[in-house]
Every structure is written in structure tokens, then in C-alpha cells.
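Here is what each chain is made of, one letter per residue.
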Amino acid sequence: MSYAQHLRCRECSRDYPLAALHVCEFCFGPLEVVYDDEAIRAAVSREVIASRPANLWRYREFLPCEADSAINIGAGFTPLIHAKNLGKALGLPNLYVKNDTANPTWSFKDRVVAIASSRARELGYEKLACASTGNLANSVSAHAAAAGMEAVVVIPDDLEAGKVLGSSIYSPTLVKVHGNYDAVNRLCAELAGSRNWAFVNVNVRPYYAEGSKTLGYEVAEQLGWRAPDHCVVPIASGSLFVKIRKGLNEFAKAGLIDEPKTRMSGAQATGCSPVATAWAEGSMNFRPQKPDTIAKSLAIGNPADGYYSLVQLRDTNGACASVSDDEIVAGMKLLAETEGIFAETAGGVTVASVKRLAAEGRIDPDELVVAFITGAGFKTAEAVAGRLGPALEIDATVESFEAAYQDREGVPA
Amino acid sequence: MAVRRLRFTFPTDLIKEPVIYLIGQRFEVITNIRMADVDERTGWVVLELEGEAEEIARSVAWAESRGVRVDPITGDVIEG
Chain A
1 MSYAQHLRCR
11 ECSRDYPLAA
21 LHVCEFCFGP
31 LEVVYDDEAI
41 RAAVSREVIA
51 SRPANLWRYR
61 EFLPCEADSA
71 INIGAGFTPL
81 IHAKNLGKAL
91 GLPNLYVKND
101 TANPTWSFKD
111 RVVAIASSRA
121 RELGYEKLAC
131 ASTGNLANSV
141 SAHAAAAGME
151 AVVVIPDDLE
161 AGKVLGSSIY
171 SPTLVKVHGN
181 YDAVNRLCAE
191 LAGSRNWAFV
201 NVNVRPYYAE
211 GSKTLGYEVA
221 EQLGWRAPDH
231 CVVPIASGSL
241 FVKIRKGLNE
251 FAKAGLIDEP
261 KTRMSGAQAT
271 GCSPVATAWA
281 EGSMNFRPQK
291 PDTIAKSLAI
301 GNPADGYYSL
311 VQLRDTNGAC
321 ASVSDDEIVA
331 GMKLLAETEG
341 IFAETAGGVT
351 VASVKRLAAE
361 GRIDPDELVV
371 AFITGAGFKT
381 AEAVAGRLGP
391 ALEIDATVES
401 FEAAYQDREG
411 VPA
Chain B
1 MAVRRLRFTF
11 PTDLIKEPVI
21 YLIGQRFEVI
31 TNIRMADVDE
41 RTGWVVLELE
51 GEAEEIARSV
61 AWAESRGVRV
71 DPITGDVIEG
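Chains A and B, in that order, are what the protein sequence lines are. Under my numbering, think of the first position of the first sequence as 1, with each following residue one higher. Under my numbering, think of the first position of the second sequence as 1, with each following residue one higher.
Bear in mind the hints are in silico, worked out from the structure with no lab data behind them. The C-beta atom is built at its ideal place from N, Cα and C for all residues, glycine as well. Some hints could be false.
Reference excerpt, derived from the structure (chain B facing chain A, CB under 10 angstroms, subset only) [said to hold, decoys possible]:
#, residue
1, Arg4
2, Arg7
3, Thr9
4, Asp13
5, Lys16
6, Glu17
7, Arg26
8, Ile73
9, Gly75
In silico contact screen, one side only, chain A against chain B (beta carbon under 8 angstroms); selected entries [said to hold, decoys possible]:
#, residue
10, Pro17
11, Ala19
12, Leu21
13, Asn135
14, Leu136
15, Leu174
16, Lys176
17, Cys188
18, Ala236
19, Ala403
Okay, chain A solo, but in the shape it has when bound (with noise of 0.2 angstroms):
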């Protein structure tokens, strides 16, 4: 069963009843889900989680929404790999990878969206809707389909054509928008607000952000229920960044792993950096900026959780990295190269800010580091087109084989 109790403003502390709701009515501060930690505590132990299957409602108890009618598409428990390749190659020869391009739809928002539809199916809703620039949009089609229920996505006409086919193949509604971000943004919110639809990251959005607390969670479980060192996670919305942290210190307050010490850092594309800015230049409040990255899944130059980034930076001792197209490309290829992990734009900004944060001595040698991967590549294929080896052309002999095959480029004789 959920033990959640009610929603609470994360500003003035205001109590709500678990409803659609998604700012507090005096402060406009953003409302969190608030537990019975008591009784999470009584009720769980490792054995127990460890007992069930391997998705994210094995941890049924820290989930706002009850598991048994839940709408399950197997979103969670994705591997944690020792990437020992990749660590060799930055110096952490404790580094791990957690890779999320093993969900359902490809990428770290079927966690968010599990719970968004069904808290959403719980409150009455028929109809799933969200603005997405990718993924979320797929993660919401894919849900709506195998609960029944009628998506709504409404995305940006400029999308990869990957990143399009992963939502048109599950037959949503398809809004394709003519305008630039911002317009795309207004009107998004406009509908958001006038529709008596579950919009998972507005009017539900209190529950969709728990979904990424079970990160936290497995992290923890697969190291062998201790937390880690030092985590590096992609940063859109700051949702993910905080709720990561936020997995890890419940798991502890239930007994099942010690205190965390985790220094959380957060990953950035120069494009598209408004909590990277505000924390080079030492400052709480970040401005939003106009996106210009070929990493649009964290193309949110207005983050929601931004202020909230910053304050986890602070009181982790973490750092915030901003990297450039170019070394978002040569991120993803060293992921593929090292370990045979093709991520979308997202992790080549995961890796690449590993890769700035390990060499400007931000991250100890020493640390148990997990860099999260959150997206798959074929869906951003285009980032990569034309920057990779071509392949070797040859006639049907053995001769032209050889041939080719002696003059491979970058290969001594």
C-alpha cells in the first residue's frame, strides 16, 4: 500500500489533500508528496524489497499511488554498470554507470510517467497529456496506450525524426507546433491550464517527480544498499537532480542504507545552462535563457526545480558543469566506445561533464561515482550522423577485402 499522507508546499509548508494540484495556493511554492516515514519504516526491510520483481514498484511503499492497480509497462531497474573502460579513460577508477536507456520507451521518464498515469487513472483522469521535446512525449504515449486511456502530446515540429516515431507508433494525439520555444512553452502552459486533462508534469507534477526518486533507490540497492559517493546527473527541470538525492536520503530514513554523504554535481549544455551559469557566478537565482543545444531533452531554459539545483549544489559540495556541443558528440562516443552504451545528446552531456568535473579535480579518484544515462542514441541519431567512421566498401573478393582492409584509416600497416 502508499503511505503517502498529503501534499505539502515546499516553501511555506503549507498541508494539501492528495489531489490534482501542483502550487501552493498562497505562495505559489511547488507542493511534494509527504509520507508516514514511521510506518514506511515498520513496513519494508531489504529482504522484502529484494523479494520482488525487478521494476520500479518493488519500492510500492516510497510511491505515492498503489502499486497492485498501478499501470505497469516495466519502467525500472535498469542496469548499474562498473564502467571500467570508461573510468580508465577519466581517472575514476571507481566510476559507474546507470543506464536508464534500458526502460521501456528508451529513457528515464517512464519512471516520472508510471506514476503520473496512475495517480492520474487513481484521480479520475481519462487523458494523459504532456509538452515534451522527446522522450517524455513517447514515455506518455506508451502509457496511455497500454492503460486505455487518450495521450495528448504536443511537441515542437523541429523534433528528431527518432524521437517523433517513438510517440506516433502508439497512436496519440500528435500536436506538432509551428513557432519557436517560447511560443511552444506559452501555449503549452495555456492548455495546461485550461484543460481538465492530467498533464503529467503540471497539474500531476507532484507525483510524476517522485517516479525519479526510485534512481536514488536502486543505485543504493545495487551497490549493495549503501549510497554513493558522488553522483552526476543531466540537469532540465532539476527535478531528477533533487529527487535523486532526496530517493537516497528516504532510503536511509528507513533503515535500509546509512546516512548519505553524496555530492551531487549536475550536467549542463552550454546551450541550454541557466543552473551551471548561477553556479559558476555564485548566485541562488538563476536567469532563464533561450535554448540553443543539440541536447534537447534538457532544453528547459526555465527550470522549475532550478532554484532547488542550486541549493542541492550548495549543501552537497557538489559542481555544475556546462559543455559544449561539440564535447557532447565526443561524450556520446566515448560512452559507445568504452562501454558499448549508445546514449542520446543527454548522456554525452553526462559524460563529458564527468570528463570536466574529474580533470578541474572536482571529483576525487577515490569516490564511488555513478554518472546517470538517462536517454537512449538512436533517438537523436541525427547528432551523430556524419561524425562517425564510414564503412569499409568493397567488391565481393578477398583482394578487395584485404585492401580495404590494410588502409583502414587511423590503423598502422
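Assemble chain B onto chain A, guided by the hints.
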């Protein structure tokens, strides 16, 4: 009557200007500040604007023409 909840972000060169006061003077719009944080470099104000929808839209357009960035209070609703 309509109510819109918005976040105004001020660039450095507008920090000293009474933009919100001027909205109340120039337009038939009631401004109600709910949260704010302003320093010498930048600042944001979360406020409620109440009035006819068209008048609110005109007041927002005017603020934007002065260089204020106006966003929904939820931050960006579009996500990756």
C-alpha cells in the same frame, strides 16, 4: 475577469525601474505580488494579475517590451 499567475524576471538594467507599479498605473490590471527575490544583478517576482484577459495580455506585452521576461509560474511546462 481573468487571473494569471506569472513570473517576471528582471535583467540588471531594469532592477531600479518600478515596472510593476507602472503596470497598475497604465493598465486596468490589479497586481498582487506573492513571492520575490531581487538582488543588484537580477531579480524575479511571482505575481498574480487580475483583470480582463485582453488587458492582462496588453500589460504583459508592455512589460516584455521593456525587457522583462515573463513566464508561467510553473517554469517551462515543456520537458525532455
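Okay, the hints, checked on the actual structure:
no.	hint	result
1	Arg4	holds, 9 angstroms
2	Arg7	holds, 8 angstroms
3	Thr9	holds, 6 angstroms
4	Asp13	violated, 13 angstroms
5	Lys16	violated, 17 angstroms
6	Glu17	violated, 17 angstroms
7	Arg26	violated, 22 angstroms
8	Ile73	holds, 5 angstroms
9	Gly75	holds, 3 angstroms
10	Pro17	violated, 20 angstroms
11	Ala19	violated, 17 angstroms
12	Leu21	violated, 12 angstroms
13	Asn135	holds, 5 angstroms
14	Leu136	holds, 5 angstroms
15	Leu174	violated, 15 angstroms
16	Lys176	violated, 13 angstroms
17	Cys188	holds, 5 angstroms
18	Ala236	holds, 5 angstroms
19	Ala403	violated, 46 angstroms
Consistency note: the structure conflicts with the earlier hints numbered 4, 5, 6, 7, 10, 11, 12, 15, 16, 19.
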